[in-house]
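Asks: What follows is each chain in one-letter form.
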Amino acid sequence: EAGVVQSPRYKIIEKKQPVAFWCNPISGHNTLYWYRQNLGQGPELLIRYENEEAVDDSQLPKDRFSAERLKGVDSTLKIQPAELGDSAVYLCASSLRDRAYGYTFGSGTRLTVV
Amino acid sequence: AQKITQTQPGMFVQEKEAVTLDCTYDTSDPSYGLFWYKQPSSGEMIFLIYQGSYDQQNATEGRYSLNFQKARKSANLVISASQLGDSAMYFCAMLAFGGNTPLVFGKGTRLSVIA
Numbered sequence: 008e009a010g011v012v013q014s015p016r017y018k019i020i021e022k023k024q025p026v027a028f029w030c031n032p033i034s035g036h037n038t039l040y041w042y043r044q045n046l047g048q049g050p051e052l053l054i055r056y057e058n059e060e061a062v063d064d065s066q067l068p069k070d071r072f073s074a075e076r077l078k079g080v081d082s083t084l085k086i087q088p089a090e091l092g093d094s095a096v097y098l099c100a101s102s103l104r105d106r107a108y109g110y111t112f113g114s115g116t117r118l119t120v121v
Numbered sequence: 627a628q629k630i631t632q633t634q635p636g637m638f639v640q641e642k643e644a645v646t647l648d649c650t651y652d653t654s655d656p657s658y659g660l661f662w663y664k665q666p667s668s669g670e671m672i673f674l675i676y677q678g679s680y681d682q683q684n685a686t687e688g689r690y691s692l693n694f695q696k697a698r699k700s701a702n703l704v705i706s707a708s709q710l711g712d713s714a715m716y717f718c719a720m721l722a723f724g725g726n727t728p729l730v731f732g733k734g735t736r737l738s739v740i741a
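Chains as they are written, first to last, in our numbering: chain B, 8 to 121; chain X, 627 to 741.
So here's chain B without its partners, still in its complex pose (with noise of 0.2 Å):
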């Protein structure tokens, strides 16, 4: 089986231009989340989604950041524009409904914004 598959791995932008970030969940995982990962700390939840209804987005700058998930699968992250502060790594990850089974998370993107 497959795991999370997020692409690009890398990407380097300069301030105020766009990005996006692309995440296949597991199959059958109804639940996926975003999360941003400052250096030197942990994973922040970003924004949850239930099938294709984001949940949860309380911590998501809804100024320059989007995303959606489409059919309730595939979702995109995108920022626009970016700014410095946004260099972090962008994680996805996805879990069955019954969480106890906990999250399972893609390689990630790290973004580097100059």
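It is worth saying that the hints were derived from the structure and are not from the lab.
What you are looking at is a predicted structure, and each value in this text was computed from that prediction instead of being measured.
Do not take every clue at face value.
Quick list of the computed label-pair ranges, beta carbon to beta carbon [stated by the list, open to error]:
(1) X:I672 to B:V62: 19 to 29 Å
(2) B:R16 to X:Q695: 15 to 25 Å
(3) B:Q48 to X:S654: 18 to 28 Å
(4) B:Q24 to X:K642: 44 to 54 Å
(5) X:N726 to B:G35: 35 to 45 Å
(6) B:E59 to X:S668: 27 to 37 Å
(7) X:D655 to B:R71: 48 to 58 Å
(8) X:S654 to B:R16: 36 to 46 Å
(9) B:V62 to X:L710: 18 to 28 Å
(10) X:G725 to B:R71: 26 to 36 Å
(11) X:A644 to B:R71: 27 to 37 Å
(12) B:K85 to X:N726: 23 to 33 Å
(13) X:T633 to B:Q66: 29 to 39 Å
Note that the Cβ used here is the ideal one computed from N, Cα and C, for glycine as well.
Start from chain B and add chain X according to the hints.
Replies: Below, chain X without anything else, positioned relative to chain B:
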């Protein structure tokens, strides 16, 4: 609100020795799960071990064991017979099952295994 505290920013251990990584947590939810993840320099989060709040036995997975002390709200990870490949960041995380909260992480501990 849930909170995870990892007080050791960095740890060193000699190869083949055992090491304990500390984790304390705070929650008002009686039903919760505790997780440990390993994050190598490549960046992926690798699940290591899980402990449920109602589990009677401490969890073990190969060389990993979880020292769960519920009254103290601690869930320390013990790695036995350390290997060079164990050098990585280790994160403790908690999931409260009663509410609708996501997995919450600590700040992590960087483990360095010395030959």
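Asks: Hint by hint, where does the structure go against what was stated? Just the numbers, ascending.
Replies: 2, 5, 7, 9, 11, 13
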